[in-house]
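Enquirer: Residues per chain are reported as follows:
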Amino acid sequence: VKRNLFLKILFSYLIIVCLSFFILDLLIKDEIKKVMTDKIEAELLTYAQLIDLNSVQKMSDQFQQIARISNSRVTLVDSQGNVFADSEKDITKMENHFSRPELQEARLRGKGKAIRFSQTIGVDMLYVAIPMKSGSQITGYIRLARPLHDVQSMIEKIYQSVFLAMMIVAVIALIIALFFSYRLAAPIRAMERFTERLRQGHPVGTIFLETSDETEKLADNINYLVDELQSQIRLANEEKSKLMTAFASMTEGVLILNAEDKIEFVNQALSNMLAEQYGDINSKTLMEAFRDVELQKAFLKFKEKHDTVIEEIIFDSVEPVILSVSISSVHNYPEEEKAMFVFHNVTRLKKLEKIRVDFVANVTHEIRTPLTAIIGYLETIKAGTANNIDEMKRFIDISLKQAQRLNRLVEDLLVISKVELGELGFRFEEISLRNALEGVIPLVEAKARLKNITIHNKVQENGAPIRADRDRLTQILVNILDNAVKFTPEAGSVFIESEQKDNYALLTITDTGIGIPKEEVQRLGERFYRVDRSRSRDLGGTGLGLSIVKHLMIAHGGKMEIESQLGKGTKVSLFFPL
Amino acid sequence: MEERRHTSSHYEMELQEIKNGLIYIGVLTEKAIKTAMQSLTERNSDIAHRVIKDDDEIDKKDTELEERCIRTLALRQPTAIDLRFITTAIKITGHLERIGDMAVNIAERAIQLNEEVKLKAYIDLPRMAELVIEMIKNSIDSFIRNDLKMAEGVRQMEEVTDDLNEQIFRELLTFMMEDSQTIHRSLMIMQVSKNLERIADHAKGIADMVDYMVTGASVRHQAYPSEEKESE
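If you read the sequences in order, they're chains A and B. Here our numbering is used: the first residue of the first sequence is 7, the next is one more, and so on. Here our numbering is used: the first residue of the second sequence is 61, the next is one more, and so on.
Calculated directly from the structure, the hints in this document are not laboratory data. Don't take each hint at face value.
Okay, the calculated beta carbon distance ranges per label pair [said to hold, decoys possible]:
1. B:L143 with A:A196: 50 to 60 Å
2. A:E266 with B:K180: 44 to 54 Å
3. B:Q172 with A:P523: 30 to 40 Å
4. A:E505 with B:K180: 45 to 55 Å
5. B:E238 with A:N278: 50 to 60 Å
With a straight-line Cα cutoff of 30 Å, these simulated DSBU-like cross-link-like pairs (lysine-lysine) come out [what the hints assert, rightly or not]:
6. A:K268 with B:K180
7. A:K577 with A:K464
8. A:K307 with B:K94
9. B:K151 with A:K307
10. B:K113 with A:K303
11. B:K120 with A:K268
12. A:K290 with B:K178
13. A:K290 with B:K79
14. B:K94 with A:K303
15. B:K91 with A:K307
16. A:K309 with B:K178
17. B:K91 with A:K303
18. B:K209 with A:K311
19. B:K120 with A:K309
20. B:K79 with A:K268
21. A:K303 with B:K180
22. A:K290 with B:K91
23. B:K197 with B:K113
Even glycine gets a Cβ: it sits at the ideal position worked out from N, Cα and C.
Working from the sequences, and respecting the hints, build out all of it.
Expert: Below, the structure is given as structure tokens:
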């Protein structure tokens with residue numbers, strides 16, 4: 007920049023110098039020439055007059071002397087134009103001079119002059135002529151001629167001085183140019199370096215200039231802009247990181263389509279929801295990425311309506327996922343409309359909804375069955391249609407049994423809701439599994455003996471104690487052992503074993519019972535869920551036993567796992583934290 | 061300049077829309093085949109009726125896409141690969157429409173088969189259907205991504221479906237020879253298999269056109285045995 011600026015200033019000065027030289031040349035050269043020529047002419051005329059003043063006779067003797075004094079060539083011509091004397095040339099070789107312009111002019115006006123290029127000596131010659139008169143009769147002409155190289159050399163001399171002056175001016179211009187370019191370029195260069203660093207994204211501070219001219223003001227403005235820019239960038243980054251954090255921590259999936267309908271952004275939640283199945287979906291279109299007709303339809307609907315669209319879509323993956331999708335527009339510029347998709351996984355919600363609806367239906371059903379029986383028998387008794395006291399007693403027995411069942415059901419429901427609400431008080435203590443089992447097994451032994459089932463308790467005496475609530479633990483074990491005995495046919499066996507696994511004490515109860523179909527296993531633990539409805543109710547269950555166990559295990563910080571093979575038996579694993 | 065950029069990006073969008081439309085129809089046909097086969101294996105005629113009804117949508121989308129292609133051809137007058145892209149797209153949607161019809165054929169056979177006693181457990185047919193669905197998906201994907209390798213993969217899969225068809229045919233032949241009661245059912249199962257095999261041919265046809273579109277040279281009509289048999 008400095009060089010450029012320097013050259014620019016220097017050149018402009020040089021152009022001014024050259025221009026003035028040229029104008030000077032144009033105006034002065036001719037003027038000097040004219041003045042000089044006029045002066046010579048007047049001088050020559052004076053000398054010619056000198057000759058004229060003398061008589062004709064003396065003339066031919068004197069003209070040599072005049073020629074010498076006047077430093078010119080003198081030619082004497084008669085009225086006919088014949089040369090009769092010349093100071094420098096042989097007159098015999100000279101032609102008639104009558105037609106020469108200076109003689110003609112002298113003849114007509116009394117004096118004449120002409121500038122001609124002389125072939126003989128090769129320079130411009132000034133010729134001056136006056137007529138010689140006797141009375142009014144022209145008797146001849148006197149012509150004086152002098153080469154003009156004096157004028158030329160004079161002009162050259164002047165030009166030399168002018169040129170010298172110009173050189174001096176040029177040198178001065180160079181110095182001034184250097185000075186100004188340095189003065190101007192220094193701040194400009196500083197600002198240039200500063201902005202260059204800014205452009206490359208390096209951190210910059212502020213630029214200080216003390217030139218007290220326009221450049222200082224410019225630097226101030228640059229500083230202001232830099233500050234403004236940096237605060238804008240900071241603000242934008244802050245907004246962006248806020249947004250990104252929000253997107254990243256959302257449980258909803260977020261997807262943004264750019265104006266070309268290509269996927270521009272997908273948040274972590276959506277990647278987790280779908281990634282394994284769909285792979286890399288960036289910069290693909292919706293159709294390419296998801297191959298889902300419903301989603302595309304929803305998107306087309308959004309494009310048509312230009313308003314938020316909310317749809318529920320079932321994605322066919324390994325397990326169908328129900329997603330609620332809301333599509334809305336992200337306005338940037340009017341011509342560049344982006345669309346934001348928010349995916350909400352409602353599969354669990356839908357499932358819960360179904361469980362709740364099922365639960366109400368189940369509870370109603372479970373309560374109505376014993377109630378119908380009770381009401382029926384009581385009505386029979388009231389109508390007095392019972393034949394004898396024995397029959398009536400039987401009716402009352404049945405009613406009582408059903409009422410007890412209702413009571414059990416209500417109690418179980420209470421326990422479940424209390425566990426779920428966390429209102430059930432637990433008194434945790436260290437309990438040996440062996441001890442707990444020894445308290446529980448007698449409770450189911452009677453029933454087992456009836457069906458000739460043997461219970462093998464293989465739990466070691468010295469196993470590590472677990473942390474549990476004694477009453478609840480009893481409830482869990484009774485439930486599981488009761489189930490095992492209940493669903494094991496005659497002459498089967500139940501094995502109870504314990505081991506330590508990871509951070510858990512694992513208690514497994516294995517029976518040789520009827521087992522559960524594979525696809526039903528995962529539904530065990532749902533309230534009122536029964537594998538075989540009719541049989542289970544015959545056996546006196548409420549349908550809540552495993553559900554209670556499941557919730558109690560969770561409340562203990564443990565878990566329950568069930569494996570089963572149809573017709574071979576079931577294995578219940580209880581994990582108690584140590 | 062600004063206007064030009066705008067129109068050219070608009071043009072890009074039009075091509076993109078054609079791509080999306082093809083995937084859309086592709087997904088619909090895949091679903092139709094899947095549902096038709098499901099109706100067969102689960103002996104559920106209700107969903108088969110749905111396949112027959114939903115074929116109208118495939119036909120509608122086919123017409124829509126064809127019109128879109130022709131409009132783009134007329135308005136944009138594309139050259140070179142874009143021209144081949146659009147003309148190929150028109151042909152592909154034709155293939156897909158035919159595939160949809162075949163899915164309907166399968167659904168109709170399924171309804172008939174569901175009314176009779178189950179002949180045998182379906183093992184090879186669902187495998188073939190899965191293969192065929194993947195072929196449709198891959199053939200369209202290869203078209204959209206200009207992926208010659210993927211198109212080649214589709215052609216190889218077509219040979220597998222041919223073999224499977226042969227195998228099913230031989231198996232059914234033994235059934236028919238053992239017991240003439242099974243002839244009706246066997247023939248219908250054979251038709252299902254044949255339809256799947258023809259769908260595979262169409263998928264191969266799409267894959268062949270991908271070669272044409274990318275290179276400009278035609279590889280069609282070199283090996284089309286089943287198509288020839290059909291015309292006899």
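Enquirer: Could you work out which of the previously given hints the structure breaks and list their numbers from low to high?
Expert: When the structure is compared with the hints, numbers 6, 12, 16, 18 and 21 turn out to be violated.
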